[in-house]
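Engineer: Top to bottom, those sequences are chains A and B.
According to full-length UniProt numbering, the first sequence holds residues 1 to 141 in order.
According to full-length UniProt numbering, the second sequence holds residues 1 to 141 in order.
There may be inaccurate statements among the hints.
Treat identical chains as interchangeable: a pair holds within one or across any two.
Stated by the list, open to error - Straight-line Cα separation of at most 30 angstroms, BS3-like style, residue types lysine-lysine; simulated pairs:
hint, residue 1, residue 2
1, Lys67, Lys119
2, Lys55, Lys124
3, Lys81, Lys97
4, Lys97, Lys131
5, Lys131, Lys68
No wet-lab data here; the hints were simulated from the structure.
Number of protein chains: 2
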Amino acid sequence: MAISNNNTENIENGLDFQPRFNADGLITAISQEADTGEILMVAFMNQQALDETIKTGNAVFYSRSRKKLWRKGEQSGHFQKVLDILVDCDQDCLILKVEVDQGQCHVGYKSCFYRTLDKNDPKKLRFNAEKVYDPKEAYGK
Amino acid sequence: MAISNNNTENIENGLDFQPRFNADGLITAISQEADTGEILMVAFMNQQALDETIKTGNAVFYSRSRKKLWRKGEQSGHFQKVLDILVDCDQDCLILKVEVDQGQCHVGYKSCFYRTLDKNDPKKLRFNAEKVYDPKEAYGK
Chain A
1 MAISNNNTEN IENGLDFQPR FNADGLITAI SQEADTGEIL MVAFMNQQAL DETIKTGNAV
61 FYSRSRKKLW RKGEQSGHFQ KVLDILVDCD QDCLILKVEV DQGQCHVGYK SCFYRTLDKN
121 DPKKLRFNAE KVYDPKEAYG K
Chain B
1 MAISNNNTEN IENGLDFQPR FNADGLITAI SQEADTGEIL MVAFMNQQAL DETIKTGNAV
61 FYSRSRKKLW RKGEQSGHFQ KVLDILVDCD QDCLILKVEV DQGQCHVGYK SCFYRTLDKN
121 DPKKLRFNAE KVYDPKEAYG K
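For reference, chain A alone in the conformation it holds in the complex (with noise of 0.2 angstroms):
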């Protein structure tokens, strides 16, 4: 999205938050691991799932396939209790630094990011990890 000149001194070197919601009133949110950097997930936030997010402390999304707020650990039990929240330098996207359990991604990983590209065959993946939980006990799939 283009900013105007005008902004862009107070959107990159100022101290105001003022998170840039997409054409779909959606913002990027990252959940990255407060003590070990690791990335456990990427998702959105409209502005009911960040001042909830915010107000509660727990990580909150909205899913775009289901249209409604997630409440990240409501079903699995999984919550991310988020430390702290980092925003980009042009204001469109959110790290949450949080403190997991467990199995995070839906498939049973820790993370959601458990496989590498294969760097002999790119159309290939190899697994980096290995399932925590699983997740027909947790969603009763």
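With chain A held as given, fit chain B onto it using these hints.
Structural biologist: Then chain B, alone, in the frame of chain A:
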């Protein structure tokens, strides 16, 4: 984006790399410093940017504002050497594990995420880093 049930198992648990570009032909890419875990920036790639990143080993993005490939470092000299590429469960987001020199953000900081929400006033930010280079020199502004 909704995924049909037929494909979900393969996308989530398979080892075929099937990057899922959005309606604009873009996929989210997070640059993360490999040795520290620090998140440096979040941007987008189109298919061409991804192919060129894999081929050259240097991060290439797609600039939505300039509507063209953005070979990171071409102008500033701050390249990102890509050591690994990770993909998330639904294959609509990538992590680039990178090696960098110093300043990566065009504002002058190493990371774009140089501000943190103030816990006492969530409308305000505080700086969490100091500038590491002068963007006026790097970009000739």
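Engineer: Out of the numbered hints, which ones does the structure contradict?
Structural biologist: No hint contradicted; all consistent.
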